[in-house]
Every structure is written in C-alpha cells, then in structure tokens.
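There are 2 protein chains.
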Amino acid sequence: MRPKITAVPSIRRLPSYLHIIRQAREDNQEYISGTVIAQELDLEPIQVRKDLAITGIVGKPKKGYPVVALMAAIEHFLGWDEVQQAILVGAGNLGTALAGYQEFQYHGLHIAAAFDQDKSKIGTTIRGVPVLALATLAEYVKNLQACIAILTVPSSEAQSVTDELVAAGICAIWNFTNVKLKVPDHVTVQREDLTSGYAMLCLQMNAYKNCDEC
Amino acid sequence: MRPKITAVPSIRRLPSYLHIIRQAREDNQEYISGTVIAQELDLEPIQVRKDLAITGIVGKPKKGYPVVALMAAIEHFLGWDEVQQAILVGAGNLGTALAGYQEFQYHGLHIAAAFDQDKSKIGTTIRGVPVLALATLAEYVKNLQACIAILTVPSSEAQSVTDELVAAGICAIWNFTNVKLKVPDHVTVQREDLTSGYAMLCLQMNAYKNCDEC
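Here the protein sequences line up with chains A and B, keeping their order.
The opening position of the first sequence corresponds to residue 152 in our numbering, with each subsequent residue numbered one higher.
The opening position of the second sequence corresponds to residue 152 in our numbering, with each subsequent residue numbered one higher.
Keep in mind that the hints were calculated from the coordinates and are not lab data.
Every value quoted in this text rests on a predicted model; they were computed, and no experiment measured them.
Heads up, a few of these hints could be off.
[As the list claims (entries may be wrong)] Calculated pairs, DSSO-like style, for lysine-lysine (alpha carbon to alpha carbon, straight line, at most 27 Å): (1) Lys333(A) / Lys293(A); (2) Lys331(B) / Lys213(A); (3) Lys331(A) / Lys201(B); (4) Lys201(A) / Lys201(B); (5) Lys213(B) / Lys331(A); (6) Lys214(A) / Lys213(B); (7) Lys272(A) / Lys270(B); (8) Lys214(B) / Lys331(A); (9) Lys272(B) / Lys272(A).
[As the list claims (entries may be wrong)] So the derived list for chain A, only partly shown, Cβ under 8 Å to chain B, looks like this: (10) Cys322; (11) Glu343; (12) Leu354.
Glycine included, every Cβ here is placed at the ideal spot set by N, Cα and C.
Turn these sequences into a full structure, and let the hints steer you where they fit.
If you want it as structure tokens, here you go:
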C-alpha cells in the first residue's frame, strides 16, 4: 500500500515560494515576511503560514522567516538538497523544452541523457543533453543509478516504454503523456496534465465578466 | 478586485475526470460510478462526489452518473463547450509541443497562429499552426478576436511581449515562463509551473521507502 500524500495543494505551491525566497536571498535580505510572500503570489497570509509550517519552519513576529533557513527547509522537505539523476525518454519538442528548462537546475534535477528510437536524433544533443538509442536504456540506467524517468514519448508508446523503464530499475516516472500507466507498486508515477492549468485559466477568465473584448 | 476562485484542487482535477468519462462514452456506457472514477484516479470516492458536485450534477444511487450529461456539465462549467481562439507567442520547442498537444482539441482550445521574432521561423508552420511575425500581432488579434495568449517566449522577453499582448486586447495569458507578469486588473494570468509536478513526484518517491534501487 502506497502512503497517501496529504496537503497536495500546499506542496504544489512550495516551488513558487522557493522562487520568491531565492530572489530575496539574491537581494541579500535576511528575513522575508509571510505577508510579502502572500502578496507576490496572490494568496492569503494565513495560507502561506500554513503551507510553510509543513516544512517545519516558523516565522518570527515582526521579522518574518529567516531566508537562508527557509530555503534550506523547503529544499530538504522536497528532497531537493540532493542531486537526482534523471533520464528523458522521448527527444521530441516537449523533451527538448524540458531538457532546457532552467528551473530544474535549481532543484537538483540533473537530466543525464535522453533516449529516442529515431536514428536521426541518436548521437546528437538537445540543449546539451546527449540523445542515446532506446535499446541502450537498461544498461545506462544501471550504470548511472538513475531513478527518475521523464516520459515524453507519443501516447501510443507510453506503456511499452514504461515496461522497459520498470524492467531497467527506474522507480519514479514523470508522465507527460495522457496515458494512465500500469506499473508495479514500488514505482511512483506523477502525471503532468497541462489541461489542469487551462481549466484554471478558463474559470478565472469567465469569473471576470467585465472584460468587454472577450 | 478580481473574484477569488475557490475549490482550486477540485477544478484542477476536472480535466482528468473528463478524460475518463470520455472513454466511458466511447465504450457506449450510459452510466459511470463515482467509485470507478475514483479507482482510475487513485482518489477517495467521497472526493470524486464532492468535486463533481461543483458542476451541479448528482449521481443516481447504484447507477452512478449519466455519462453524456456529466461530460456536458463539466465542459459547460469550464467554458469548454465553446471554441476559444488562442494565439501562441514563442514558436520554440515548448510552443511547438503545445501546438501539437492533442488534448487541447477536446477542450475547445483552437490555436489559430503562433508568433515569433525569429525570421527563419516566420512563414513556416509548427504542427500545422502558421508562424507569423511578432510585429503583426496587434492587427491579427484584433481581426481574430482572440482572447487567450499562450506565452512560451524566453523569460527575458516575457514582460515586454506581455505589454504588447495587453495593448492588443488579449485578456487571458497562460504563462509558461517563470516571470511574475505585471498586467492590468482585467487581464487573467495563469502561470504554469512545471516544478510543482516535480515536487509531487519527489515527495511521493521519498514517501515510498521500500524502493531498494533508489
């Protein structure tokens, strides 16, 4: 039985907190107030305090949160204080975009290699990441001790590639396809559904009725 | 003052419900039970009932939800029963991936054109979507009556392009950059932060301690 993750919305917000807190550190601020964070993210201050409490850190009255300690606490809570070796499977447009996604470097996510079955791509690099043959995946994963695979193959290939990933010892799959993957219980799957964000955009747009142009 | 959207996690889950309900319709099922939906998505049945209640539809005891009516209710709630004309700004890898993202076609999102300032891209198509010069954006938006812009430019250009979009009459921006955009109050911005999903993946992976390979 997999443990259930609670406080999902809070966890999903932690990376945006980290983004703001990192900027505060770059500005050499020693403390940052929950109210400032709340304003930046259009949240209620009470929500920010609740969210940050799950990382075990508490603000000081009138001063706020110690910037360095807060960053460290969030990163440790998420496991982002250690480098995670990952592979990218599917070197298409989305894979290439993710290989070049700058935010990942802040979060300890290192994309070591990309895999594809398109011979014209094998041997090239995407945003500096080497593209290797899908057939060499098992050997590579074993040597790298990679645990995470980012899946950006066409949906029609998603399950068969997943079976190969699981056989190779991958234990976490970040699934960008629209397929519900069948995996053994020890493998974590996080499905990234871009239409969720689109749903939010539409609702917010419809909620704001004063837009004459729409 | 913008209205606050409540029930954000529920709204974010609606597209995945829609995905499952659409499959049920393709299988010619007349009803689908909340329990089946819950199993498919690893949710509690009570959560599914609560989420679907916000669309105004209620299941029948022992039968479940009427498939056709439930799809229509979700789509209407999200405003996905009408076609939304959108433009893509930034015809790079992420833009190209989004132009080809199949799920959008189910949700009434029509990407009419892409804009870029790279002369080598202007006049070409990405996944069938024509790439036009950024300088022609204002005129195009006016004629198309497009309301939504999907922003996939480099972060360094995000604010200046946003200013052009707002001046052209765009009222909703789906922001894939990591910049907090400054916009007038009538413009909706939904920021898509891919690191949120990565945070969830990491926490789930760490919560499952029995994985010897990691």
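Here's how the hints hold up against the structure:
no.	hint	result
1	Lys333(A) / Lys293(A)	22 Å, holds
2	Lys331(B) / Lys213(A)	26 Å, holds
3	Lys331(A) / Lys201(B)	23 Å, holds
4	Lys201(A) / Lys201(B)	23 Å, holds
5	Lys213(B) / Lys331(A)	26 Å, holds
6	Lys214(A) / Lys213(B)	56 Å, violated
7	Lys272(A) / Lys270(B)	25 Å, holds
8	Lys214(B) / Lys331(A)	24 Å, holds
9	Lys272(B) / Lys272(A)	21 Å, holds
10	Cys322	5 Å, holds
11	Glu343	5 Å, holds
12	Leu354	6 Å, holds
In the structure shown, a violation is registered for the earlier hint numbered 6 alone.
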